[in-house]
Amino acid sequence: MIGSLDAVTAVLLIPAGAAVLLAMLPDYRSSARINEAAALLTFLAALSLFVERPPAGPYLLVDDLNNVFIVLTTFVGLTTSVFSSSYIGHELATGRLTPTFLRFYHAMYQALMFAMNLALVANNIGLMWVAIEMATLTTVMMVGIYRTHEALEAAWKYFILGSVGIALALFGTILVYMAARPVVGEGLDGMVWTVLVEHAAAFDPALLDVAFVFLLLGYGTKVGLAPLHAWLPDAHAEGPTPISAVLSGLLLNVALYALLRFKMLMAVNPAAVAPGPLMITLGLISLVFAAFMLFRRRDIKRMFAYSSIEHMGIITFAFGMGGPLANFAGLLHMSMHSLTKSAIFFAVGHVAQVKGTQRIADMGGLTVTHPLLGWGLVLGVVAIAGLPPLGIFMSEFLVVTSTFARSPWLAIVLVFGILVGLAALFLRLNTIAFGEPRGATGETKASYVPMFAHLALALIAGIYLPPAIVAWFQSVARMLG
Amino acid sequence: MHGLAFDVAHMLAGSLVLVSFLELYQDRLYALLNVYALHALVLALSVAWQAFVQDAPHLYVTAAIALGFKAIVIPIALHRIIVRLGIHREIEKVVGVGPAMVLGLGLVALSMVVMLRVTAESDPLSREDLAFALSVVLLGLLMMVTRRNAVSQVVGFMSLENGLVLAATGAKGMPLVVEISVAFSILIAFIVIGIFLFRIRERFDSVDLQTIDSFRGERS
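Line by line, the protein sequences give chains A and B. My numbering runs 6 ahead of the 1-based position in the first sequence. My numbering runs 753 ahead of the 1-based position in the second sequence.
Do not take every clue at face value.
Label pairs and their computed distance ranges (CB to CB) [stated by the list, open to error]:
hint	chain 1	residue 1	chain 2	residue 2	range
1	A	F301	B	V898	24 to 34 Å
2	B	P852	A	G63	44 to 54 Å
3	B	H811	A	P276	30 to 40 Å
4	A	E449	B	V867	27 to 37 Å
5	B	R833	A	G63	57 to 67 Å
6	B	L858	A	P283	28 to 38 Å
7	A	W415	B	V867	26 to 36 Å
8	A	A236	B	F774	26 to 36 Å
9	B	V847	A	R35	40 to 50 Å
Simulated from the structure, these hints should not be mistaken for laboratory data. Even glycine gets a Cβ: it sits at the ideal position worked out from N, Cα and C.
The task is simple: from the sequences and hints, build the whole structure.
As structure tokens, this is what we get:
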């Protein structure tokens with residue numbers, strides 16, 4: 007399987023090769039093009055997985071579940087690379103980045119794509135851990151790339167908290183192996199996920215319980231669940247905006263995916279503790295906490311970072327509830343959130359460039375001074391706040407209704423959190439987008455295609471979800487149990 | 754009743770916990786680095802013993818990495834960084850030595866209670882190893898929390914990773930992937946940290962994190 011060049015190897019080899027190539031190319035213009043081209047090829051390879059997928063091996067696996075994640079990751083990776091090439095020109099012009107750093111930046115971008123894809127296709131829980139650790143390290147480097155005081159603080163905080171999280175996850179992984187060893191025997195099999203799931207019913211439940219707690223805390227740190235979220239707002243605010251988009255839209259999902267794999271493992275063992283209530287609790291805490299934190303934000307990127315915590319809370323909650331409907335809603339919400347939140351960050355990146363600051367107080371009347379950018383942001387915020395007819399409305403509606411049917415009290419907390427978040431977002435949006443123009447009105451050569459492409463997809467999904475996608479998500483939701 | 758193999762493994766893993774406690778109360782950076790070198794040395798011995806007992810030659814590689822890289826190269830490199838940055842003074846602590854030690858004892862007790870209870874079915878060798886490993890991990894975490902200085906936080910993180918290596922080698926027959934990856938991740942982590950330290954130096958002439966922390970991310 008390693009020898010032949012199938013789509014899975016392509017999804018891994020293209021970004022890896024591109025990273026090496028980009029590390030050697032000095033010219034930033036051609037590296038931006040190569041970055042886009044590599045992302046496009048990876049996306050095409052990921053799409054072909056829908057048609058034909060290689061059989062699962064001891065290291066790699068593609069099934070219905072991670073196929074969705076891979077396509078989403080490579081798609082947002084592609085659009086972000088397009089956004090990135092319009093973004094970096096301005097950063098070079100203002101001297102925030104030098105060509106040397108850009109070379110490093112492009113290489114790291116592809117290295118990050120490689121690490122995320124590897125984490126998604128890994129069938130081996132050890133390999134998955136290595137890939138997530140690698141993704142963390144590459145993003146740490148990129149968060150610190152501006153080398154300002156704040157950027158270094160953010161990167162350091164992210165590095166320390168991320169490492170602690172990843173260390174706890176490794177301990178959990180070792181415990182899973184320990185639980186598996188008496189049943190499946192020593193060696194490689196004890197770490198292969200497909201083998202583990204087959205035999206999980208016979209594992210020692212007490213050991214699995216402890217393992218899951220470590221995994222939840224470890225990967226939960228990377229998902230950004232409160233109270234383990236402290237790194238997330240800083241990392242989003244201080245890094246380059248394309249990285250904020252990829253962090254929010256993709257890396258949080260990848261960590262959540264790891265958690266879902268282990269949740270499926272737990273579900274097979276009847277004697278082990280049910281992972282659902284733990285995830286529901288963490289999800290609701292994140293949602294309500296982040297919704298209130300949204301009110302006092304003065305930095306526009308920090309504000310949307312808290313909004314990401316809020317939505318990861320909703321998604322974790324939905325998967326914690328489980329069952330075909332809630333899982334379906336969780337999957338849909340995750341896809342919609344990825345598309346919408348990265349679109350918002352595309353807009354915010356250019357807004358910050360135009361205004362020369364990230365302070366909300368220095369922004370105003372954006373729809374008047376920069377109509378396309380302003381209305382794009384308005385549309386994005388309307389979408390992320392969960393108003394109809396965009397995609398997030400539908401997924402949030404599904405989460406809420408499926409919860410109401412089963413446990414109304416939880417649904418009340420859920421709705422409360424969503425409404426508080428909505429109020430906070432609109433309060434700030436009003437300052438930024440409408441009213442008297444405030445602050446600088448600089449120009450930027452912005453590319454609006456990625457932003458509006460994402461928003462259009464979210465809109466289409468909100469109005470009409472193709473039956474093929476519905477059927478696909480339903481089958482995945484059944485798989486998640 | 755378990756014989757020599759168990760006794761030696763038990764002693765080495767126990768020593769690792771003890772050295773973690775030693776790290777916890779060091780108040781000078783040089784001394785801390787020396788104790789960390791000892792920590793890595795004990796880890797190397799422990800891993801080598803596991804390799805011998807389990808008859809798993811690939812674990813000798815892990816032991817060699819622990820010995821060469823963690824016990825020698827990293828302490829020397831950090832030593833030079835400290836000299837170059839001129840920060841070989843006392844470490845600022847958030848919590849005093851007394852409370853930190855008591856907290857540490859509590860954490861060790863906690864990990865014993867948790868791990869010995871849930872692994873009642875497993876064989877005693879890996880069972881005790883796992884309990885000790887969790888103690889080392891938690892003590893490393895405690896050290897990261899109670900120190901303000903960047904270098905000592907890094908040392909805390911590295912002893913945490915040592916605990917993970919102990920756990921991974923204690924789990925009999927665990928695939929090589931993990932051992933190498935752990936060692937490798939330390940390498941990468943170290944490079945990252947090195948870059949960070951130098952960047953921090955370039956900008957504000959200090960690696961004391963309190964100076965960074967005073968700049969809260971939320972700028973008004």
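Hints not upheld, ascending by number: Hint check: 4, 5 fail, others pass.
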